[in-house]
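Asks: Those protein sequences? They're chains E and Y, same order as listed. Going by the working numbering, the letters in the first sequence line up with residues 1 to 113, in that order. Going by the working numbering, the letters in the second sequence line up with residues 1 to 115, in that order.
Hints are not guaranteed to be accurate.
Stated by the list, open to error - Label pairs and their computed distance ranges (CB to CB): (1) 20(Y) with 54(E): 27 to 33 angstroms; (2) 60(Y) with 80(E): 19 to 25 angstroms; (3) 2(Y) with 80(E): 46 to 52 angstroms; (4) 54(E) with 79(Y): 41 to 47 angstroms; (5) 27(Y) with 19(E): 28 to 34 angstroms; (6) 77(E) with 17(Y): 47 to 53 angstroms; (7) 76(E) with 18(Y): 45 to 51 angstroms; (8) 84(Y) with 70(E): 19 to 25 angstroms; (9) 13(Y) with 55(E): 38 to 44 angstroms; (10) 74(E) with 20(Y): 39 to 45 angstroms.
Just so you know, the hints here were simulated from the structure itself, not pulled from any lab data. Built from N, CA and C at the ideal position, the CB exists for glycine as well.
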Amino acid sequence: GQSLEQPSEVTAVEGAIVQINCTYQTSGFYGLSWYQQHDGGAPTFLSYNALDGLEETGRFSSFLSRSDSYGYLLLQELQMKDSASYFCAVRAPLKGSARQLTFGSGTQLTVLP
Amino acid sequence: DGGITQSPKYLFRKEGQNVTLSCEQNLNHDAMYWYRQDPGQGLRLIYYSQIVNDFQKGDIAEGYSVSREKKESFPLTVTSAQKNPTAFYLCASSIGGTDSYNEQFFGPGTRLTVL
């Protein structure tokens with residue numbers, strides 16, 4: 001099966017940098033995704049890493065180390081609107097050849113003024 | 001505008017009743033998914049469908065049923081056999097295919113409460 005661990009809560013101030021870590025255990029691994037979900041809303045895709053290294057998309061970056069079964073999401077120049085839950089999700093086989101997402105429990109980020 | 005719609009937004013059900021949650025997409029995606037989210041928790045996969053007329057159980061399929069008669073539609077029925085159905089239900093879709101990554105697009109969700 002698959003299991004993922006990420007911190008339940010992180011707090012930072014506006015303009016700061018915050019890193020949300022994710023460690024995973026899977027039987028088979030194809031990649032690590034990150035999703036953002038505002039309270040009561042739909043999750044939205046942020047990034048995907050299939051290979052080791054850093055992927056940058058604007059203020060957000062995501063890192064993967066497959067040998068360490070570890071990844072992180074880095075948020076720079078934090079804004080109040082970044083207050084949300086952030087989920088890591090591994091793409092791994094579930095049934096036969098299907099490659100599906102298994103989500104972590106989420107990290108609630110609170111950005112303070 | 002392309003997207004995924006779910007209805008209703010809020011749903012109340014009496015114990016012992018079956019209820020069907022709607023999910024429609026006009027993104028021309030082959031794959032569709034149903035997830036359940038409980039307070040403070042991540043998303044858990046209930047059922048998924050990679051193509052019309054085919055679907056597979058996810059991690060927590062017991063007490064749920066689905067159909068995929070049309071590409072655009074993937075309704076979820078919460079049956080009376082589901083012991084703790086109160087939750088936030090999210091539908092998602094992706095282009096599909098097992099050999100390449102496709103991000104999943106989510107609908108706005110249906111919040112089901114059992115009275």
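Asks: Each hint should be assessed against the structure and marked as holding or not.
Replies: Verification of the supplied hints:
Taking 27 to 33 angstroms as the suggested C-beta distance range, the pair residue 20(Y) and residue 54(E) does not conform, at roughly 44 angstroms. Distance hint check: the CB atoms of residue 60(Y) and residue 80(E) are about 35 angstroms apart, inconsistent with the given range 19 to 25 angstroms. Distance hint for residue 2(Y) and residue 80(E): a CB-CB separation of about 29 angstroms, inconsistent with the stated range 46 to 52 angstroms. Distance hint check: the CB atoms of residue 54(E) and residue 79(Y) are about 46 angstroms apart, consistent with the given range 41 to 47 angstroms.
About 33 angstroms separates the C-beta atoms of residue 27(Y) and residue 19(E), a value consistent with the hinted range of 28 to 34 angstroms. Between residue 77(E) and residue 17(Y) the Cβ separation comes to about 49 angstroms, which falls inside the hinted range of 47 to 53 angstroms. Range check, residue 76(E) to residue 18(Y): about 48 angstroms between beta-carbon atoms, so the 45 to 51 angstroms window is met. Look at residue 84(Y) against residue 70(E): about 33 angstroms separates their beta carbons, and that is not inside 19 to 25 angstroms.
A C-beta distance of roughly 42 angstroms is found between residue 13(Y) and residue 55(E), which places it inside the suggested range of 38 to 44 angstroms. At about 41 angstroms, the CB distance of residue 74(E) to residue 20(Y) agrees with the hint of 39 to 45 angstroms.
In the structure shown, a violation is registered for the earlier hints numbered 1, 2, 3 and 8, in ascending order.
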